[in-house]
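Undergrad: The listed protein sequences derive, respectively, from chains A, B and C.
Just add 11 to the spot in the first sequence (first one is 1) and you have my numbering.
Just add 250 to the spot in the second sequence (first one is 1) and you have my numbering.
Just add 516 to the spot in the third sequence (first one is 1) and you have my numbering.
Because the hints were derived from the structure by calculation, they are not lab data.
No incorrect hints appear here.
Restricting the straight-line Cα-Cα distance to at most 27 Å, the calculated cross-link-like pairs of lysine-lysine (BS3-like) are: (1) A:Lys106 <-> C:Lys672; (2) C:Lys724 <-> C:Lys741; (3) B:Lys434 <-> B:Lys287; (4) A:Lys128 <-> B:Lys434; (5) C:Lys712 <-> C:Lys724; (6) B:Lys287 <-> A:Lys128; (7) B:Lys311 <-> C:Lys672; (8) B:Lys444 <-> C:Lys623.
Stretch by stretch, here's where chain C covers chain B in the computed footprint (C-beta under 8 Å, at least three residues): (9) 326 to 334; (10) 425 to 432.
Where is the CB? At the ideal position from N, CA and C, for every residue including glycine.
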Amino acid sequence: MDGYLGPYATVGLLLLVGVLIIGGAFTANRLLRPSRPNAADGKFDTYECGLDPVEGGWAQVHIRYYIYAYLYVLFAVEAVFLFPWAVVYLAGGAKVIAEMAVFVAVLALGLLYAWRKQALRWL
Amino acid sequence: MGDTISFPHLDYAALWPMLILFGAACVGVLVEAFVPKAWRNTVQLVLSLLAMGAALVMVIKRAAAGVTAANAHTASDAISIDKAGLFLQGALLVLGIVSLLLIGERTLETGGPFVAQAAITVGSEADRRQAARESGATEVYPLALFALAGMLLFVTANDLLVMFVALEVFSLPLYLLCALARRKRLLSQEAAVKYFLLGAFASAFFLFGVAMVYGFANAVDFNSIHANISTSDKPFALLLIGLAMLAIGLLFKVAAVPFHVWTPDVYQGAPTPVTAFMAACTKAAAFGGLARVLYVGFDRSNWNFTPVLGVIAVLTMLVGAVLAVTQTDLKRLLAYSSVANAGYLLVGVLGGGAAGLSSMLFYLVAYGFAIIAAFALLTLVRDADGEATHLSRWAGLGRRSPFFASVFTFLLLAFAGLPLTSGFTAKFAVFGAAIGGGQTWLVLFGVLSSIILAFPYLRVIVMMWLSEPGDTTPSVSIPGALTSAALMVGVLVTLLLGVAPSSLLDLANNAASFVR
Amino acid sequence: MTLATEVLAAAGQVGTGEKVVFFILAPLAVVGALGMVIARNAVHSALWLVLTMLSLGVFYIVQTGPFIGMVQIIVYTGAIMMLFLFVLMLVGRDASDSVIETLRGQKVAAIILGVGLAGLLGFGVYEATRGIVPVGLEGANAAGNVQGIAKLLFTKYVWVFEVTSALLITAAVGAMLLAHRERAAGERVGQVAMMKDRFRPGNYPGPKPGPGVFANSTSVATPAKLPDGTPAERSISPILPTRELTAAEIANKPTEGK
Numbered sequence: 012m013d014g015y016l017g018p019y020a021t022v023g024l025l026l027l028v029g030v031l032i033i034g035g036a037f038t039a040n041r042l043l044r045p046s047r048p049n050a051a052d053g054k055f056d057t058y059e060c061g062l063d064p065v066e067g068g069w070a071q072v073h074i075r076y077y078i079y080a081y082l083y084v085l086f087a088v089e090a091v092f093l094f095p096w097a098v099v100y101l102a103g104g105a106k107v108i109a110e111m112a113v114f115v116a117v118l119a120l121g122l123l124y125a126w127r128k129q130a131l132r133w134l
Numbered sequence: 251m252g253d254t255i256s257f258p259h260l261d262y263a264a265l266w267p268m269l270i271l272f273g274a275a276c277v278g279v280l281v282e283a284f285v286p287k288a289w290r291n292t293v294q295l296v297l298s299l300l301a302m303g304a305a306l307v308m309v310i311k312r313a314a315a316g317v318t319a320a321n322a323h324t325a326s327d328a329i330s331i332d333k334a335g336l337f338l339q340g341a342l343l344v345l346g347i348v349s350l351l352l353i354g355e356r357t358l359e360t361g362g363p364f365v366a367q368a369a370i371t372v373g374s375e376a377d378r379r380q381a382a383r384e385s386g387a388t389e390v391y392p393l394a395l396f397a398l399a400g401m402l403l404f405v406t407a408n409d410l411l412v413m414f415v416a417l418e419v420f421s422l423p424l425y426l427l428c429a430l431a432r433r434k435r436l437l438s439q440e441a442a443v444k445y446f447l448l449g450a451f452a453s454a455f456f457l458f459g460v461a462m463v464y465g466f467a468n469a470v471d472f473n474s475i476h477a478n479i480s481t482s483d484k485p486f487a488l489l490l491i492g493l494a495m496l497a498i499g500l501l502f503k504v505a506a507v508p509f510h511v512w513t514p515d516v517y518q519g520a521p522t523p524v525t526a527f528m529a530a531c532t533k534a535a536a537f538g539g540l541a542r543v544l545y546v547g548f549d550r551s552n553w554n555f556t557p558v559l560g561v562i563a564v565l566t567m568l569v570g571a572v573l574a575v576t577q578t579d580l581k582r583l584l585a586y587s588s589v590a591n592a593g594y595l596l597v598g599v600l601g602g603g604a605a606g607l608s609s610m611l612f613y614l615v616a617y618g619f620a621i622i623a624a625f626a627l628l629t630l631v632r633d634a635d636g637e638a639t640h641l642s643r644w645a646g647l648g649r650r651s652p653f654f655a656s657v658f659t660f661l662l663l664a665f666a667g668l669p670l671t672s673g674f675t676a677k678f679a680v681f682g683a684a685i686g687g688g689q690t691w692l693v694l695f696g697v698l699s700s701i702i703l704a705f706p707y708l709r710v711i712v713m714m715w716l717s718e719p720g721d722t723t724p725s726v727s728i729p730g731a732l733t734s735a736a737l738m739v740g741v742l743v744t745l746l747l748g749v750a751p752s753s754l755l756d757l758a759n760n761a762a763s764f765v766r
Numbered sequence: 517m518t519l520a521t522e523v524l525a526a527a528g529q530v531g532t533g534e535k536v537v538f539f540i541l542a543p544l545a546v547v548g549a550l551g552m553v554i555a556r557n558a559v560h561s562a563l564w565l566v567l568t569m570l571s572l573g574v575f576y577i578v579q580t581g582p583f584i585g586m587v588q589i590i591v592y593t594g595a596i597m598m599l600f601l602f603v604l605m606l607v608g609r610d611a612s613d614s615v616i617e618t619l620r621g622q623k624v625a626a627i628i629l630g631v632g633l634a635g636l637l638g639f640g641v642y643e644a645t646r647g648i649v650p651v652g653l654e655g656a657n658a659a660g661n662v663q664g665i666a667k668l669l670f671t672k673y674v675w676v677f678e679v680t681s682a683l684l685i686t687a688a689v690g691a692m693l694l695a696h697r698e699r700a701a702g703e704r705v706g707q708v709a710m711m712k713d714r715f716r717p718g719n720y721p722g723p724k725p726g727p728g729v730f731a732n733s734t735s736v737a738t739p740a741k742l743p744d745g746t747p748a749e750r751s752i753s754p755i756l757p758t759r760e761l762t763a764a765e766i767a768n769k770p771t772e773g774k
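Excised from the complex, chain A in its bound form:
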C-alpha cells in the first residue's frame, strides 16, 4: 500500500469491503428468511393514497433553484483555488495571503449583490 496509487488502493479496498459486508448481509437475509409469497387480489393496487399516476412524473422547477445551483458552482470554483493556496500560504507569506483575500473579497461582493437583490430570500 505504498507508491503513488497506494492510498487510492486503500480507499478501493475499503469500498470493496463495504460492498462485501452489505452484499453479504442481504444474501444472508435472503437465505435465512422464510419465504411465503402471498399474491392476494389487489395487493399491488394503489389504494386510498397518492396522486393518480397519469402522464409522466416530471415537474418543472422554479428558476430560483438555478440561481442557487449557479452560486454553488461559483463557490465550488473558489474552493478549488483555495486548496492549492492552503498548502503554500505559509511559504508565501503575507502577499499570498493578501492575494487570496482579494480574490475571496471580490467573490463575496457577488454574494453581497445577490443578497441585496433579495435573490437569497426564498419568498
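Take the given structure of chain A and dock chains B and C to it, following the hints.
TA: Chains B and C alone, transformed into the frame defined by chain A:
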C-alpha cells in the same frame, strides 16, 4: 513544502489601467447593491466614465514615460505592455469611452436602450409595463467595464493561458450585454444564446490549441514558443495543429469567414449601443491578440500560415462583401460590412513587419470611430416600435432630415473607402503594407471586394436621397447630449483621419513593435 | 518524486496499473460520451455525461495529476452536473428536440465532418507524438502536485488568478440579471393582506373537501359528491389533468364481504 514562493514583481505603473477598470467594475457592483434605484444610472455612468478616463490618463502617462524592452514585461513575463500593447490599450479605452456614451443614453426612449429586468417573461403583462415605464438595468456599466478590462489584458497577454482567461473575461460580459435589449427581446436573447454557444466552442478550440502548442514547445509563453520554433528539430505537426486551433478561436472573435456566421444575428439582436461596442472594441482586442500571437509567438512559421490565413482573408473579404449586397436590414448590412473589414485588417496583418502592424493599428482606430458613429445614427432613426432598421424604411430619409442623412452618407462613403475619409487612408495603409510585404494577390482581392462592397452602401445612399418619403418613413429623434457627443466624435475623427491622418499614422508607426 | 515513479516507472513508460485502469475506463468513457449524444431523454444524457466525466477524473489521477482529477470530480461531476440537471428540470419534460431538420442533410454532413475532424486530429497527434519521450513530469511534481500548481498560481499567474475572480463575479451578476426577478416593494404579499384576501366576500375560507377516492374509487381524480349527488369541483386538485374515468374507477368499491 520546503522552498518559499518568490512573489513576482508587479509593475503597477503598467497595470494601473486594468486595476482601475476592474476596481471600478467591482465598485459598480457595490453601487448596484446599495445605491437607491433613482440614482444608480447617474452614479454608474459617472463612475464608468471617470474610471475609463483615469485608465486612459495612466496609459498616456506610461507612454510619455517611454516603453522600452526592459520595462515592457511584468508579472514574471506573463504580461507584456509594450508599445503596440499600449497603443491598443489606449485605442480600446478611447473607443470604449465613446461607446459608453451610447450605452449611457437615456433620453431617446423611456429608460434607455436596455431592458429593466431581463428575467421577466417576454410578452407578459409585467413585460409590457416595464417596457413602457421602468428605467433600464444599470448592471450594463460594470459589465462593460469588465469587458473592457478583459480586452486590455487580452491585447497585452504574453502567455497563452493569460490570453485564454482574458478572452473569457471580455467575452462573458458581452454575451450578457447582448441579451438585454429593451425592444425585440426574443431576438436579443436568441442573439445572446447563439453568441454564447458559438463563443464557447471557439474558446474550447483555443484551449485545445494551447494544449497542442504546449505539447510541442513544453511552454505556453510566447518567448519560449518562439525559441522552440526557432531551434527545435521536432516535427511541426503538433505546432501546426495547435496554431490552427488557436487561430480558429481568434478568427471567431474577429469574425473571419468560416467563423463569421454569428455576426449578423448577434449584431442585429444585441442592443445597438452594445453592437457598436462590439464592432469597435472586440474587433480591436481580437486583432491585437491575433497579431501578438502571430508576430511574437509564431514568427518563424511565417511561411506556413501566410497562405492559409491569406485564403481566409480573401474569403472574408469576398463573402462579407457579397452577402452585404443581399441584406435588407441596416444592422445586418453593417454586420456583413464588419466581416469584410475583418478581411481588410487580416490583409494588413499578413503584410507583416512593422508596416503591417502599424497599418492594422491605424485601421482599427479609424474603423472603430466610423462604426460607432454609424450605429449611433441607427439608434436615432426610430418609430413607435423602436429603431427602424429595415432598409425600406430609410427611403426618403434625406428629404425628411437632410442633416442626419448627410452624416450617414458621409459615414457610408468612409466605409466604402472614398478619399477625404478615414476609410480611404486606412485601406491605403493596409493595402500598402500588404504590397510591401509581397502579398499583392491579397490586395487584388481587397480592391475587388471593396468595389462589390461599395454597391450596398451606394444603394442606401440612393434610397435615402432619391426616394420620396412615405407614410412609414420614421422620424429622426433629436439625440441626447451623450449620443450627440459620440456621434460628433465619431464623425469628426472619421473626417480628420481622412484629411490629416499624419499624427495618428506617426503614432501607429511609432507604436508598431511588439517586445518579445 | 518516488510517488510518481512507482506507477510510471520511467518517463514515457506506462505502468501496469495505469494500463489496467485505462483499458477498463476508456471504453466506459467512450460509451458514456456516445450515450450522452444518443440518449433521447435529456436526464439520461446528463447521467451518461457523469460517467464520462468520472472516468476522465480517474484518468487524471492515474496520470499523476491528483489535483486536476479531484477538481474534475468536485466541480464538473458535482457542481456543474447539478446545474445541468436543474436546467433540464427548468426546461421541462415536454420540451423535446425538434426532429425536423431545417437544413437538409445537415445531420449527415455534421457526422461526416465531425468524424473527419476527429480522425484528422487523432492521426495528426498520433503521428506527431510517436516515438517522442515525454519529459518534465517529475520536475513539475517535484514538490508535490498541488504545491507545484500553487507555486505557479501565486507567482507567474498571480495577476491572472485575480482576474479570474472578475470572471466569476461577472458570472454571478449575469446569472442574477438573467434569472432573478426583483420584486418591487408592492409586489410582495404580507400575512395581513393574505388573510384579508382569504376572508374577502365571495371566497370560501375553509379547507377544501377531499376527493371522492375514499368513498367510491381508487382514483384521486374522482370528485367528491355533494349531498344532492352532484360532483364537487372544488374537491379535485387543480394540478390533476381532467380525463374520462374508467368504469372500474368510478365503480363503488366492494368494502364488505371480503
